[in-house]
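Asker: Listed here are the chains, written in short residue letters.
Number of protein chains: 2
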Amino acid sequence: MTFFALTHQDKNSRARVGVIHTDHGDIHTPMFMPVGTQATVKTLDSLDLKTLGAEIILGNTYHLHLRPGEDLIDSVGGLHKFMNWNRPILTDSGGFQVFSLGEQKTDKGQGGLTRIDEGGVTFQSHIDGSKHRFTPESAIQTQHKIGADIIMAFDECTPDAIEKKYAAEAMERTHRWAKRCLVEHQKETGRHGYKQFIFGIIQGSNYEDLRQQSARFICDLNFDGIAIGGESIGYNMEATAQILNWTHPILPSEKPRYAMGVGLDPADLLIAIEGGVDMFDCVAPTRLARHGMVFTFEKHKGKHRINIRNKEFAIDQKPLEKGCGCYTCQNYTRSYLHHLFAAEEITGMRLASIHNLYFLINLVKEAQRAILEDRFREFKASF
Amino acid sequence: MTFFALTHQDKNSRARVGVIHTDHGDIHTPMFMPVGTQATVKTLDSLDLKTLGAEIILGNTYHLHLRPGEDLIDSVGGLHKFMNWNRPILTDSGGFQVFSLGEQKTDKGQGGLTRIDEGGVTFQSHIDGSKHRFTPESAIQTQHKIGADIIMAFDECTPDAIEKKYAAEAMERTHRWAKRCLVEHQKETGRHGYKQFIFGIIQGSNYEDLRQQSARFICDLNFDGIAIGGESIGYNMEATAQILNWTHPILPSEKPRYAMGVGLDPADLLIAIEGGVDMFDCVAPTRLARHGMVFTFEKHKGKHRINIRNKEFAIDQKPLEKGCGCYTCQNYTRSYLHHLFAAEEITGMRLASIHNLYFLINLVKEAQRAILEDRFREFKASF
Numbered sequence: 000m001t002f003f004a005l006t007h008q009d010k011n012s013r014a015r016v017g018v019i020h021t022d023h024g025d026i027h028t029p030m031f032m033p034v035g036t037q038a039t040v041k042t043l044d045s046l047d048l049k050t051l052g053a054e055i056i057l058g059n060t061y062h063l064h065l066r067p068g069e070d071l072i073d074s075v076g077g078l079h080k081f082m083n084w085n086r087p088i089l090t091d092s093g094g095f096q097v098f099s100l101g102e103q104k105t106d107k108g109q110g111g112l113t114r115i116d117e118g119g120v121t122f123q124s125h126i127d128g129s130k131h132r133f134t135p136e137s138a139i140q141t142q143h144k145i146g147a148d149i150i151m152a153f154d155e156c157t158p159d160a161i162e163k164k165y166a167a168e169a170m171e172r173t174h175r176w177a178k179r180c181l182v183e184h185q186k187e188t189g190r191h192g193y194k195q196f197i198f199g200i201i202q203g204s205n206y207e208d209l210r211q212q213s214a215r216f217i218c219d220l221n222f223d224g225i226a227i228g229g230e231s232i233g234y235n236m237e238a239t240a241q242i243l244n245w246t247h248p249i250l251p252s253e254k255p256r257y258a259m260g261v262g263l264d265p266a267d268l269l270i271a272i273e274g275g276v277d278m279f280d281c282v283a284p285t286r287l288a289r290h291g292m293v294f295t296f297e298k299h300k301g302k303h304r305i306n307i308r309n310k311e312f313a314i315d316q317k318p319l320e321k322g323c324g325c326y327t328c329q330n331y332t333r334s335y336l337h338h339l340f341a342a343e344e345i346t347g348m349r350l351a352s353i354h355n356l357y358f359l360i361n362l363v364k365e366a367q368r369a370i371l372e373d374r375f376r377e378f379k380a381s382f
Numbered sequence: 000m001t002f003f004a005l006t007h008q009d010k011n012s013r014a015r016v017g018v019i020h021t022d023h024g025d026i027h028t029p030m031f032m033p034v035g036t037q038a039t040v041k042t043l044d045s046l047d048l049k050t051l052g053a054e055i056i057l058g059n060t061y062h063l064h065l066r067p068g069e070d071l072i073d074s075v076g077g078l079h080k081f082m083n084w085n086r087p088i089l090t091d092s093g094g095f096q097v098f099s100l101g102e103q104k105t106d107k108g109q110g111g112l113t114r115i116d117e118g119g120v121t122f123q124s125h126i127d128g129s130k131h132r133f134t135p136e137s138a139i140q141t142q143h144k145i146g147a148d149i150i151m152a153f154d155e156c157t158p159d160a161i162e163k164k165y166a167a168e169a170m171e172r173t174h175r176w177a178k179r180c181l182v183e184h185q186k187e188t189g190r191h192g193y194k195q196f197i198f199g200i201i202q203g204s205n206y207e208d209l210r211q212q213s214a215r216f217i218c219d220l221n222f223d224g225i226a227i228g229g230e231s232i233g234y235n236m237e238a239t240a241q242i243l244n245w246t247h248p249i250l251p252s253e254k255p256r257y258a259m260g261v262g263l264d265p266a267d268l269l270i271a272i273e274g275g276v277d278m279f280d281c282v283a284p285t286r287l288a289r290h291g292m293v294f295t296f297e298k299h300k301g302k303h304r305i306n307i308r309n310k311e312f313a314i315d316q317k318p319l320e321k322g323c324g325c326y327t328c329q330n331y332t333r334s335y336l337h338h339l340f341a342a343e344e345i346t347g348m349r350l351a352s353i354h355n356l357y358f359l360i361n362l363v364k365e366a367q368r369a370i371l372e373d374r375f376r377e378f379k380a381s382f
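In order, the protein sequence lines correspond to chains A and B. Every letter in the first sequence is one number past the one before it in numbering that gives the first Met the number 0, and letter 383, counting from 1, is 382. Every letter in the second sequence is one number past the one before it in numbering that gives the first Met the number 0, and letter 87, counting from 1, is 86.
Treat the hints with caution; some may be incorrect.
Any copy will do: because identical chains look the same in the list, a pair fits if it lies in one copy or spans two.
[Stated by the list, open to error] DSS-like cross-link-like pairs, simulated, lysine-lysine; straight-line CA separation at most 27 Å:
1) 310 / 130
2) 80 / 317
3) 41 / 317
4) 130 / 379
Hints listed in this document are in silico derivations from the structure and should not be mistaken for laboratory results. From a predicted model like this one, the values you see are computed outputs, not experimental measurements.
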């Protein structure tokens, strides 16, 4: 059985349906992956995630390294056992957090708390300021200990507004690190009793030639899947679509593709799917939920969401979304959710999180059906 | 069918088993009632409460009056519909919060924000400082609108350390208010389509003669059940047991008895049951849970609980309580809970709340069995 099997290629777009096989079960793509930063998707537990239909969740290596630490997770048999989640897990490499949670510091010592050199990255914990260092090798070792089914190469995630010279330097460093990650990954011999796959990450900021150069480099290596990273991805969907356009011709159809950080608005998932992407993750759906922003099929002021804290919902007896099959919509009204947020009750955050994740997972399931019937473009246009 | 039916009186103690019949179902006593202050038990939703076995929950009239307001709840058909809870609900009258959340102010204007007169109590909202007034009549009207199956008379809840003169004055005011509450209650003609029952409250602080006088007065009125109130109840279990001793001979066996605020420690429930009490409530089990304090059958440093945040639990692969049937213990380890609390994840608060409530509800179910077999004293001693 191959790792990834393409089930169907939409006849009128780059959208596609496939299956990723792991020892913890199959992932039907396109798939939205909820983010369980610290071994939990905020406000939810592992069985909630099963109930709402998540086939895979994400863990953040940076956060898990700091708390509870990869050695503890390793000692209890890996992250699946630790958090009682027996479906697939993907861990990022920590690259994004190292750069987003600390200021970058150059070799000359200017800047903030994070210092990059050829060997790796030295950074300070956002929790207690303690000093840590990730190298390509240690990031892979840490991910081996955590034990996700899919792990990521350690990359240098570069910001949007960056000079080409630095973008190229960072990209080339990411390429050298990618090779080191692969070498380190080959040393793992199945400590947890199941296979771990590894994805490489394309960088190159918002430069067409760099993105294509990076895509060629990463796709030529022996990675199991290809990720597209960088600050723009998911955060700026116009740039994301453009980067997907630039790189798509280079990406091999037989490897799964992962756009890192897409999912701020439900429509963004459809843009990524249209760009030929199979997997995406984003913390926004649960973060928005904790602030009372819940997803809707209809647009309100240009976005697929309402703010349940608005007064208009105080006596609204409808569910968050009419016809939605999620636990929240099946059981509670907008009026009740409005009250829970007004009264600052945690239960409101939880019920909204359940809705937002179910909404996205259900949306990509509908996208899967549309692709199988070669009507993805119409489906996207109707949303 | 009578409101309350005594099933069995333990042969060797005052402990007893009974059933309260309401239009939203039966309550098997003794029963611990989780407190859903603001139309939710903190961190949980209504279906969680069913899953963990709650037969009745509490709502707080003071909090519901401030948010979302009784008129809104009334307009959607009552609290059951508002929060999607179709089992019985009890609301307190607001008396306790009016006195505990604001400083008492005498007629002469000294003191804090709460002002008592013969007509009722004027107080300021703890949320925004807005002025509100509860009278015995308005407290009953508010509870009619909220629509609990069991509502409480409006009382003056007096502190522990209080002079006898004031304790007597407050008690007599509570008695006059009790009669006014009953008059007001008789005006309700079933707005929500089901019957609402009303309990009177015995006060009298820690004075034997006052407590007995109050018990005689309240028991002589036409209440459906008898509550024992005051700051000491639940907060000081020695005083609680003494007050139960003083009043027990006066309480009619055919009415249910409710000790308001008992449940800080699991053992406290057994003390109240031994005192002949049928119902209790307390916010402590969920408040403690949110701080990582989880109940255990074994005592640790004199109390039936552990602090899951302690380092010793970081790698502990056991459930919170061995053999516990709760959702948390069936699915997650102490190690995982320890991590969730260390990482300040809301999920930890929720899982600990589920455990603590299940623990108490399961404990009183075991107490019920022990009473039915006339071995309550042994059961209590073994705990």
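Asker: Now look at each hint and say whether the structure bears it out.
Answerer: Cross-check of the supplied hints:
| no. | hint | verdict |
| --- | --- | --- |
| 1 | 310 / 130 | between (47 Å within a copy, 22 Å between copies) |
| 2 | 80 / 317 | between (39 Å within a copy, 13 Å between copies) |
| 3 | 41 / 317 | both (26 Å within a copy, 23 Å between copies) |
| 4 | 130 / 379 | neither (46 Å within a copy, 53 Å between copies) |
Violated hints amount to a single one, hint 4; each of the other numbered hints is respected by the structure.
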